[in-house]
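Sequences listed follow chains A and B, in order.
Under the UniProt record's numbering, the first residue of the first sequence is numbered 1, with each subsequent residue one higher.
Under the UniProt record's numbering, the first residue of the second sequence is numbered 1, with each subsequent residue one higher.
Fair warning: there could be bad hints in the mix.
One copy or any two copies: either way a pair holds, since identical chains are not told apart in the list.
[Claimed, not checked] When the alpha-carbon atoms are kept at most 30 Å apart in a straight line, the in silico DSSO-like pairs for lysine-lysine are as follows: (1) K383 with K169; (2) K373 with K383; (3) K114 with K96; (4) K373 with K349; (5) K383 with K349; (6) K6 with K325; (7) K325 with K96; (8) K144 with K325; (9) K114 with K325.
Since the hints were made in silico from the structure, they are not lab data.
2 protein chains.
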Amino acid sequence: MQEPVKIALLGLGTVGRGVYRILTGNAENIAHKVGAPVEISRILVRDLTRDRGIPLDPALLTDNYQDILDDPEIAIVVEVMGGIHPALDYVMAALKRGKSVVTANKDMIALHGKELFATAAASGAGLLFEGSVAGGIPIIRPLKQCLAANRIQEIMGIINGTTNYMLSKMTREGVDFDRALREAQAKGYAEADPTADVEGLDAARKLAILASIAFNSRITLNDVYVEGISKITARDIAYARELNYVIKLLAIAKETPEGIEVRVHPTMIPQNHPLASVNDVFNAIFVRGDAVGDTMFYGRGAGELPTGSAVAADIMDAARHILYKVPGFIGCTCYDEKPIKPMAMTESKFYIRLMVADRPGVLASIAYAFGDKEVSLASVIQKHTDGDRAEIVMVTHRVREQNLQDALRLVGCLSSVDRIASCIRVEGE
Amino acid sequence: MQEPVKIALLGLGTVGRGVYRILTGNAENIAHKVGAPVEISRILVRDLTRDRGIPLDPALLTDNYQDILDDPEIAIVVEVMGGIHPALDYVMAALKRGKSVVTANKDMIALHGKELFATAAASGAGLLFEGSVAGGIPIIRPLKQCLAANRIQEIMGIINGTTNYMLSKMTREGVDFDRALREAQAKGYAEADPTADVEGLDAARKLAILASIAFNSRITLNDVYVEGISKITARDIAYARELNYVIKLLAIAKETPEGIEVRVHPTMIPQNHPLASVNDVFNAIFVRGDAVGDTMFYGRGAGELPTGSAVAADIMDAARHILYKVPGFIGCTCYDEKPIKPMAMTESKFYIRLMVADRPGVLASIAYAFGDKEVSLASVIQKHTDGDRAEIVMVTHRVREQNLQDALRLVGCLSSVDRIASCIRVEGE
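Based on the sequences and whatever the hints tell you, model everything.
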């Protein structure tokens, strides 16, 4: 057994506490597997006096990052504070000094991955970030190593627990969006300001990270088309069931001859698709490779111990790399530069729900408008509603996004059409 | 880019061809990721003249292993011939010379893992075997690295594609075992002699490997309790549906205070369990860790390209380790010696189907026998069948295997009981 590998935690919030609990609780096994004990020698916190709810030697705490940076014995800095500032400065400073960094910070990796990896490569330090996507589910290392011999063709993931909880609840209980959101907030699954989760931004950041690794080309948040779930109604969920679909907020990335598609939006998938039965706060990432075929990785996408599990595994790998004197063992894998396919050029099937006047010829005029833009319809359901109104639900065949949007613009102008109530992409068939 | 890493394939059957196709087809990406090209410089075959169905430089082929062993430029030996002899001798010889070995040979690893890892450790060579369990699904590396900070509590896997195909077919179409087996054979999913698959031996070998890694203690094939699917009837499958269960051949390993449980047997699991919707030849491994909670890994458990994907990923890792001069990067992780819990001491719920005389007092005498052995019943269904016979289906509460077997012995002696038609463990609730 070698000398302990000393690490510092930056932050002692939810994930930090999880990491602390795991490293201290499973210390003996971790030492066996690494070949040396892993010792938390410093913890950076803002408030030295606050009760952390865990048994902790107060001498470990510091509110001065310089104490950590200047300590030559600290080989690994574990950033679990979140946010961009000051996390980014701290991490950059550590990497410049050759300290390896483990982080669970999706925002920082998604927005500043390029400079972070360049800095790590320059100093030879390691930079690991398994905890930044899908909590405890192993997905970064599987993509970087286990599936490395594949050309990844497609990723489809449920990578936001808040929205998956809400959609599961809406599907199971028929409640509407507002009610589902309130319950998610009451359970602590959604924040007071739920925008980042509900509008798909959280998923988009994670997708940018996953797609960059899968396709070996840097994809940034701006490249990702994003649409949230706030317009999903109980009615659409009921129709989805009728059509044998389930609605999920999916993060989708595909490599095509015209470039890489990256998009986050509510999606109908067949009820027998492996992702369809991923419910509540669980996450899952479906990966299709040219050799391996279809695979899926499932588990808890957030939480103190699940995310702590991913961070602790990275710490163990980083420690092993340091012991073997190969700290920057697997660096950035974005060795390629591939174009992004514009959203207008992507192809999907679409579910469309229209509120229309219930009179002869309406369906014909709608069908004509779709046909004019080369949108062909796979199925149509028409239901009478109140008074002289009707509801038409259509599912298209595969069509280019641009054509579909053009057709919807035409349909929206028809005097017999009150409104386009919903338009949801259909995938996974 | 560094000089090529040279490798030799032992065998050019299904998996060997897959590895060849992947390494040549994705050569450029693989070189980028490894940091050097991976070059197949020799292939050992029995018959030099046979057509292999792939474009191949005949100069690569040899029927003399000594050519490979004596070539100092060959750094990695990839054993994809299968079986114990001569694979074991070849692999041992390579490891002794310090060549790293990648293998997909579950039999060899399950039966000779200990000596193989000791030999690799002595010479500092790498020994990787991701392809030996569950084909293309990443599971060895996730257990060894991604979930390394966890105490693994339980593994439940569908790790035999043949039996999963058969049970899926029996469940979906109501056909009986013989018909399902014939169709599996016609599709090439089952061998002419299907014993190893159908009787659970194939799954048991894989489970021995998985459990050894999960619990850091060597588990051999002899430790595994094995029961196959040949006694499963269409009738049991129909009852399973009525009770909201699905029947799967599960490989189960649990760590308990009394030791490690390792068993392969047909199992009823709730229809909403993540493993319940894993159908046809797909495999999946459900892993529960103390930190990460429930996770699952899903994909194709066999086949040229899926298994080739796992072997090629190991080759890439082994090559990277060699370039970094750390060939034996992650060695054997069986640093502990834990006792095996005798099957009689394990606990499950049980589904039991009895054929009995349809007359008053029969159920009472059966219930009395169960109660006498402290087996408590959760539900009972009694159905009249032909003539004066009836069928009783019971599900017990959790009970010790020993008590259940004792109770069944008593019940079997009752004059009103024709036979104990089925006894299937229930898990995952």
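Hints, one by one, checked against the model:
In this homomeric assembly, K383 and K169 come within 30 Å of each other (Cα to Cα) only inside a single copy, at 26 Å, whereas the closest approach across copies is 38 Å. Only within a single protomer do K373 and K383 lie at most 30 Å apart by alpha-carbon distance; the minimum there is 25 Å, versus 60 Å between protomers. Taking the closest pair of Cα atoms, K114 and K96 come within 30 Å of each other only inside a single copy of the chain (15 Å); across copies the shortest separation is 43 Å, beyond that limit. When the C-alpha separation of K373 and K349 is checked against a cutoff of 30 Å, the pair qualifies only within one copy, where the shortest distance is 14 Å, while the shortest distance between copies is 59 Å.
With identical chains, the CA atoms of K383 and K349 are at most 30 Å apart within one copy only, with a shortest distance of 21 Å there and 48 Å across copies. In the homo-oligomer, the alpha carbons of K6 and K325 lie at most 30 Å apart both inside one protomer (15 Å) and across protomers (24 Å), since each shortest distance falls under that limit. For the homomeric pair K325 and K96, the shortest alpha-carbon distances inside one copy (17 Å) and between copies (25 Å) are both at most 30 Å. For a Cα distance limit of 30 Å, the shortest separation of K144 from K325 qualifies both inside one copy, at 20 Å, and across copies, at 20 Å.
Taking the closest pair of Cα atoms, K114 and K325 come within 30 Å of each other both inside a single copy (24 Å) and across two copies (28 Å).
In summary, this structure violates none of the numbered hints.
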